[in-house]
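**Q** Please take these sequences and the hints and turn them into a complete structure.
Number of protein chains: 2
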Amino acid sequence: MSNTKNAFYAQSGGVTAVINASAAGVIETARKHDTRIGKVLAGRNGIIGALTEDLIDTSRESKTAIAKLRHTPSGAFGSCRYKLNSLEENRREYERLIEVFAAHNIGFFFYNGGGDSADTCLKISQLSRTLKYPIQAVHIPKTVDNDLPITDNCPGFGSVAKYIAISTREASFDVASMAKTSTKVFVIEVMGRHAGWIAAAGAMASDENTPIPIIVLFPEIPFNRKKFIAEVKRKVRQHGYVSIVVSEGVADRNGRFLSDQGLVDAFGHAQLGGVAPVVANMVKQDLGYKCHWAVADYMQRSARHIASKTDVDQAYALGKAAVQLVLKGENSVMPTIVRVSNNPYRWKIGKARLSRVANVEKLMPANFISEDGFGITTKCRDYLQPLMQGEDYPPYKNGLPDYVRLKNIAVKKKLNTQFKL
Amino acid sequence: MSNTKNAFYAQSGGVTAVINASAAGVIETARKHDTRIGKVLAGRNGIIGALTEDLIDTSRESKTAIAKLRHTPSGAFGSCRYKLNSLEENRREYERLIEVFAAHNIGFFFYNGGGDSADTCLKISQLSRTLKYPIQAVHIPKTVDNDLPITDNCPGFGSVAKYIAISTREASFDVASMAKTSTKVFVIEVMGRHAGWIAAAGAMASDENTPIPIIVLFPEIPFNRKKFIAEVKRKVRQHGYVSIVVSEGVADRNGRFLSDQGLVDAFGHAQLGGVAPVVANMVKQDLGYKCHWAVADYMQRSARHIASKTDVDQAYALGKAAVQLVLKGENSVMPTIVRVSNNPYRWKIGKARLSRVANVEKLMPANFISEDGFGITTKCRDYLQPLMQGEDYPPYKNGLPDYVRLKNIAVKKKLNTQFKL
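Chains as they are written, first to last, in this note's numbering: chain A, 340 to 760; chain B, 340 to 760.
A pair holds if it fits inside one copy or across any two, identical chains being indistinguishable in the list.
No farther apart than 25 Å at their CA atoms in a straight line, the calculated lysine-lysine pairs in the PhoX-like style are these:
#, residue 1, residue 2
1, Lys648, Lys736
2, Lys422, Lys629
3, Lys623, Lys422
4, Lys718, Lys736
5, Lys746, Lys574
6, Lys759, Lys629
7, Lys687, Lys736
8, Lys752, Lys344
Source of the hints: derived by calculation from the structure; they are not laboratory data.
**A** Rendered as structure tokens:
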């Protein structure tokens, strides 16, 4: 074991249906290279586990248990919303990380998260230089928001997209059945603070074979009540009913969220929720149509039961690629998905410098949103369709998915110092 | 065709993931007995189609299309919320039905619905006697609320139960991952105006292999804020997080719904929605925990993508049985599910007199709810488990379920009279 270094792996930010598939990719690949990588130590509750020296020894988990991660949603080691400040602002956090990494012979750092986490990972990757601690840091992309740059798409998104498209199709069939005497409008609220990728997926519920009247409200398009109500009226008159997919982040032209609860999370982002009833009430008030509304919330990002096979495969491949990158000596990079062709869909793994990823948010391109602002273009469809392709059903036991819970045994602490978060 | 009579089939009330499986059972079985049953004519938008002489000729649909009904959610012919008054109150509606039935040689009446519809079906079944029109009326049970008497369970319920249990398990895995620094409480609102069957299914998310802290709020149990908040606090202290499954119909001891929007539907039932945010706000106010909340609404009852196989099989079998009952000369009955054994689960078809079914609502038995009022008993688990058993995945096309839309071609009208609804 003289030449081996241990690896640290942590999950960060909102979890997804496939982030554990990336974890499986990391752990299974690392196990195959045990002459170079010792143990994979996972942070309990993300980076907090590193700061508090609460490290999970994944070598205590059986091969079977790790394989089951591939079909288990959520963050198996716990995640957190905890943003590291810059080195200048909070040097003691970085020094603590080095203290813990050194105590546990950690030379590889894998951070599985979104844009904020890419920034954290970038800072860690610079520790070699700034604090003279040798470490290779690789970021593994994950975000249902699909808003990371460079990579063609982000693991977690394809499965949410599939779930939202299916749910919108199913609920639309329902409201179509009821519309004659009862509900004419169905509203579904989906995630997406700034980027309308998930909302766009709702529009995929409708296609050539199964046309469905759908209105999408994107966070990228300032909400205009008059125009919206006119479109609802038009669609109900024409089809008898309409489904509305509304992003939680929809705001008016002054940037005021349709439903702002005034809360912020640890990253300083506004906490939203409840825009669906706001929209439903508007329709009821202005047009008198009976509405039903749903809020998908955590259900959408944890719906492993109907995950996209493309998404699961890519999440696993990115975890695997992250390990291969450190074995090649890389630091401060993120493996990416590169789209090779659309039809048939082909993809491969690429890589991006973290400095180009951190703190860049990829919104929907203008040519993905239809001219009226309420739908998606063919270009957008061609982009989304392959990401939702294929089913990857988990095994079932007693009528329910058989998801794994790891033992999550802690490594014995080696430091006698405490760290106050 | 001299001796054959046509059949009328209609879907009534809220639709489900498997009501079309019952329709397939009716149509496929009737087609096998074409010496006795002529065409199956479906009411467009339920009984309204009969009143307005808007009848769909199902013989125009291919064998393949009808077979696809088995995996298609919603009401393929349209449903409605329209309650027939008693013969005394509105004789003209019954006379109109007879006029339409006679014009189209209809001798068999199949009504696919819940408690209110059973009452309508009972009234129709009495037309033979009261208005001297020979008809055999059979009710096919359907309701996600699972609140019909005599039958062991109702088609539609098992699939909602499965969906809610899975969604609660998945979202609970999610909140468990986030609880350290973010969301500690997840609230999911489910259907169930008076009966807590669907809410009970949420508790199934937790089992011996996968224990999850869950609090269920039943409509059968008067809501007590103090006791509820104490239980949330206890569970979060013990497990770090908790999931709350709340029925839309939860009310306080004065019968006041936690979230009453003051609306009523055509049957005079209060229209609810939005109890989840009410509960989440209470928890936040009283305990300060960060909460997330979801409202499943139509998604739960249309989620054919994860329907229970037991449910699909039973829905089909009941449609088939309804046809067999009229062939045996029965009138004014409903085929039922009879549970033969629990382990292994075995069931058979029985029958009930409609007079014993109509307007009787089956709530959760007291011994199905745990003593503290926040969970379910082993007896309840033993009842629910087999109803959620098995998966019956629909076929997929381009990443989405391939649900059928029928041609729904109208029969030529034979009457030159209009009917004003």
